[in-house]
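Chains as they are written, first to last, in my numbering: chain A, 1 to 493; chain B, 1 to 493.
There may be inaccurate statements among the hints.
One copy or two, either will do: identical chains are not told apart, so a pair holds if it fits within one copy or between any two.
[Claimed, not checked] BS3-like cross-link-like pairs, simulated, lysine-lysine; straight-line CA separation at most 25 Å:
(1) 107 - 90
(2) 50 - 60
(3) 10 - 435
(4) 455 - 435
(5) 407 - 339
(6) 136 - 265
(7) 116 - 90
(8) 351 - 262
(9) 60 - 299
(10) 50 - 191
(11) 140 - 346
(12) 299 - 50
(13) 101 - 253
(14) 80 - 101
Everything labelled a hint here was simulated from the structure, so no lab data went into it.
Number of protein chains: 2
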Amino acid sequence: MAKELKDLTKRADNYSQWYNDLVMKADLAETSPVRGCMIIKPYGYAIWEKMQAALDAMFKATGVQNAYFPLLIPKSFFAKEAEHVAGFAKESAVVTHYRLKATEDGKGITVDPEAKLEEELIIRPTSETMIWNTYKNWIKSYRDLPILCNQWCNVMRWEMRTRPFLRTSEFLWQEGHTAHATSEEAQEEAKKMLGVYADFAENWMAVPVVQGVKSETERFAGALDTYTIEAMMQDGKALQSGTSHFLGQNFAKSFDVTFLNKENKPEYVWATSWGVSTRLMGALIMVHSDDNGLVLPPKLAPIQVVIIPISKNAEQLEAISAKINPLMEELTKMGISVKYDDSDNKRPGFKFADYELKGVPVRLVMGARDLENGTVEVMRRDTLEKEILPFEGVANHVQHLLVDIQKTIFEKARQYRDNHIYECDNYEEFKERIKDGGFFLCHWDGTTETEAKIKEDTQATIRCVPFGYEQTEGVDMVSGKPAKCRVIIARSY
Amino acid sequence: MAKELKDLTKRADNYSQWYNDLVMKADLAETSPVRGCMIIKPYGYAIWEKMQAALDAMFKATGVQNAYFPLLIPKSFFAKEAEHVAGFAKESAVVTHYRLKATEDGKGITVDPEAKLEEELIIRPTSETMIWNTYKNWIKSYRDLPILCNQWCNVMRWEMRTRPFLRTSEFLWQEGHTAHATSEEAQEEAKKMLGVYADFAENWMAVPVVQGVKSETERFAGALDTYTIEAMMQDGKALQSGTSHFLGQNFAKSFDVTFLNKENKPEYVWATSWGVSTRLMGALIMVHSDDNGLVLPPKLAPIQVVIIPISKNAEQLEAISAKINPLMEELTKMGISVKYDDSDNKRPGFKFADYELKGVPVRLVMGARDLENGTVEVMRRDTLEKEILPFEGVANHVQHLLVDIQKTIFEKARQYRDNHIYECDNYEEFKERIKDGGFFLCHWDGTTETEAKIKEDTQATIRCVPFGYEQTEGVDMVSGKPAKCRVIIARSY
Chain A
1 MAKELKDLTK RADNYSQWYN DLVMKADLAE TSPVRGCMII KPYGYAIWEK MQAALDAMFK
61 ATGVQNAYFP LLIPKSFFAK EAEHVAGFAK ESAVVTHYRL KATEDGKGIT VDPEAKLEEE
121 LIIRPTSETM IWNTYKNWIK SYRDLPILCN QWCNVMRWEM RTRPFLRTSE FLWQEGHTAH
181 ATSEEAQEEA KKMLGVYADF AENWMAVPVV QGVKSETERF AGALDTYTIE AMMQDGKALQ
241 SGTSHFLGQN FAKSFDVTFL NKENKPEYVW ATSWGVSTRL MGALIMVHSD DNGLVLPPKL
301 APIQVVIIPI SKNAEQLEAI SAKINPLMEE LTKMGISVKY DDSDNKRPGF KFADYELKGV
361 PVRLVMGARD LENGTVEVMR RDTLEKEILP FEGVANHVQH LLVDIQKTIF EKARQYRDNH
421 IYECDNYEEF KERIKDGGFF LCHWDGTTET EAKIKEDTQA TIRCVPFGYE QTEGVDMVSG
481 KPAKCRVIIA RSY
Chain B
1 MAKELKDLTK RADNYSQWYN DLVMKADLAE TSPVRGCMII KPYGYAIWEK MQAALDAMFK
61 ATGVQNAYFP LLIPKSFFAK EAEHVAGFAK ESAVVTHYRL KATEDGKGIT VDPEAKLEEE
121 LIIRPTSETM IWNTYKNWIK SYRDLPILCN QWCNVMRWEM RTRPFLRTSE FLWQEGHTAH
181 ATSEEAQEEA KKMLGVYADF AENWMAVPVV QGVKSETERF AGALDTYTIE AMMQDGKALQ
241 SGTSHFLGQN FAKSFDVTFL NKENKPEYVW ATSWGVSTRL MGALIMVHSD DNGLVLPPKL
301 APIQVVIIPI SKNAEQLEAI SAKINPLMEE LTKMGISVKY DDSDNKRPGF KFADYELKGV
361 PVRLVMGARD LENGTVEVMR RDTLEKEILP FEGVANHVQH LLVDIQKTIF EKARQYRDNH
421 IYECDNYEEF KERIKDGGFF LCHWDGTTET EAKIKEDTQA TIRCVPFGYE QTEGVDMVSG
481 KPAKCRVIIA RSY
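Bound-form chain A, shown alone:
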């Protein structure tokens, strides 16, 4: 057994340590010398690239175009949107100087005190301010609307406690920023993009999500409504996986962005913003993987099929390769990414463990006996089930198997999730059961006081008012006051 795999913490022993181990051992990411910033390694980045490509195509299908706005934002911009200061400007990286010089002894370098900026610049924690300052010049008339822009970029928030992918000071994301003539159109856009996120999570990541709307406390700074998709991890905790915000006219007012409507009268523009980040990698890893390593959905796996020969000598290897090469071609033609690992510096057992650790969805093994019998061994990573199949027609089998794995791991995650959603009406019971994780559907009186008490008592937070759940009025389990609807309460990442 490969050393990497042997050292992987088991989920039951320490779920959190299992996650950290897996990120490192599966070559997804590692820590860097800069506090809270990670290095995304090629294998991890290849998964992120696949996510990006799928999301980007989905955005574009709704009419969104990409653009690029500056990394640095003048400090004064943050002061323009009052809630934004409190929400974003505080824990940010601040650029104060623009030059270094040699130290007097000539051996080191130091900041040149004469190269101090007149106004400090902030590394973007999010770009609403810069973008709305720009939209002011782009929007004159209703004919210029809507504007549907997105950017893929890095952002920075000076986080105190960080974990790879889940919470890092620098992270990669996309941020969509749209401008509309009416409130209705903006609200529709915000919900549409939430739908895109949910579609992507479920149909690409195979991660079931609950769509809903955030409570006021959990809203994005400057938003009138924040919509969210919440996924459940294998420890029953929630991971907020994407958010979409209806920003009303807040940013338009802060940056004085008006348009002439059809009656030639000026109106403030309506806004949305929406984003997902490398945090999605955390959800992907945590939802499907097991004690043997990663389990990746075939649609996002950098390598979908690995083929490993087992041979005693060069002659056998040559005979196996002669069978495998046309199969490789056939699979490639089907659009399947396949790797033939005939490297001779690692034993088959090491390779098996390594590709399991890396979550390659399907493994084919061919040995001398297979060669004789015209067979091949096929293993699926999700269930680790093996079968010996006729070599003839195996490409078609693999193609169907990949579809099946995608479906199976989604169903498995959905069942787990559904089995851990509970309606609960008793606060004492809630406090006890929340320790084991899960999403709790509880009536809420709508006050921040109740929300704060739950958080203080249990560390759990209101994740959202879920969509598509049949609501009934009831009684808040904490305050005893009347409640209009149930919300989902859970501990979260």
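For this one, chain A is given, so just place chain B on it according to the hints.
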């Protein structure tokens, strides 16, 4: 005529102003409130995305994988590679604090003096230092080599004089960083990637380039050799469009990166780095465009074909659309990106000028007479030639036309370039003729003194020792000393 077009400066009047005008009026980019940083608008970004996609596929075909390294680099890293300090660390953006707080009157925000970093962080001007600090952990044995990594990211150099795309403080680029067991392999890699850049420039951008090696003065800080591709703009100036560096063991020594060779002995690792940036957009714009606006190579044009109906009433428009819709489908199936502009808030003349300004390679126009005659008007943007063609079979014609335009604009640029490359052996003559631009092939004695004198007298620099040019020994035109080869001397961007 559209106002935007009317205001476009003519190349002959002021080439530099023509470029700036074009970037703004064709909606490619605009300046931002942050000094030297630009906003890349959706139309400009769509071209950059096409460049990225093509380059990325070419890199990957050579075995390169993408990864992501932190934006911020500890100041001390730059002190480790002596030449790098002088070359890169000096004019950089420096992060000194990590928190803002409200001012005492509560109305503004200010930097929290208590949140001062122990060590300042530099926004990456390039990532050799961070990456080689990382490679130290990735490389133990010859089996770990080669490492072929690339990242697409933003970088920042505090430039004093900036121009959109050509020189900006923040820019987007890719930086490849490879690690090898031998000097030969690293040198081969550096040359291979230069070849990829030349291939991309010529076959995608339709921009002919001279490949060559830089003089010591013009080398990248920390490199033993810098290879370059140099393109000629329409004013005869050179634009360095991509560079690839053989870094020897400099960074391995600075960051102590060794590997055990096959004999189990430690050796320092050999390195290359190579990059192209949004600067390529500048070359693309300047090489092909004319006084009517952009001319884009079909392979990189976001819209390859625009179709404009001319109708007197709704009935005519409907009849035209009924003909156009199946054509749109046919073109789309051929992989051609096509836009049907039947918007009724702009006159056809405005549309014509606007799509010329934006460089759409092919324009189709259909009016009432075409409808009667079963014809369509086809215009190619590069020559502005129009023909009336039978509507039947026009999709095939357009497909061939796009290929022809790609070839024609490359040939035109190549001819211009070749007509402006001169061998020159007389310094007085050189000083006179360099004023009109062009690449001058001159014997050079190899000294930095001669190089400095030429620059001081004429602002021209040695661009490279060109590859594939039959060299002869001769006499340096400035110093009169013996010279082993001719170099290309030109004024540059």
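Status of each hint after checking the structure:
1. 107 - 90: between (35 Å within a copy, 14 Å between copies)
2. 50 - 60: both (16 Å within a copy, 14 Å between copies)
3. 10 - 435: within (20 Å within a copy, 72 Å between copies)
4. 455 - 435: within (13 Å within a copy, 73 Å between copies)
5. 407 - 339: Result: close within a single copy only, 23 Å intra versus 37 Å inter.
6. 136 - 265: within (16 Å within a copy, 63 Å between copies)
7. 116 - 90: Close inside one copy (21 Å) and across copies (13 Å); limit 25 Å.
8. 351 - 262: between (66 Å within a copy, 22 Å between copies)
9. 60 - 299: For residue 60 and residue 299, both the intra-copy (19 Å) and inter-copy (19 Å) Cα distances are at most 25 Å.
10. 50 - 191: Close inside one copy (24 Å), not across copies (30 Å); limit 25 Å.
11. 140 - 346: between (65 Å within a copy, 16 Å between copies)
12. 299 - 50: Answer is both; intra-copy 8 Å and inter-copy 23 Å each pass.
13. 101 - 253: Between. Shortest inter-copy distance 23 Å satisfies the 25 Å Cα cut-off; intra-copy 43 Å does not.
14. 80 - 101: So residue 80 and residue 101 pass the 25 Å test across copies only (14 Å; inside, 35 Å).
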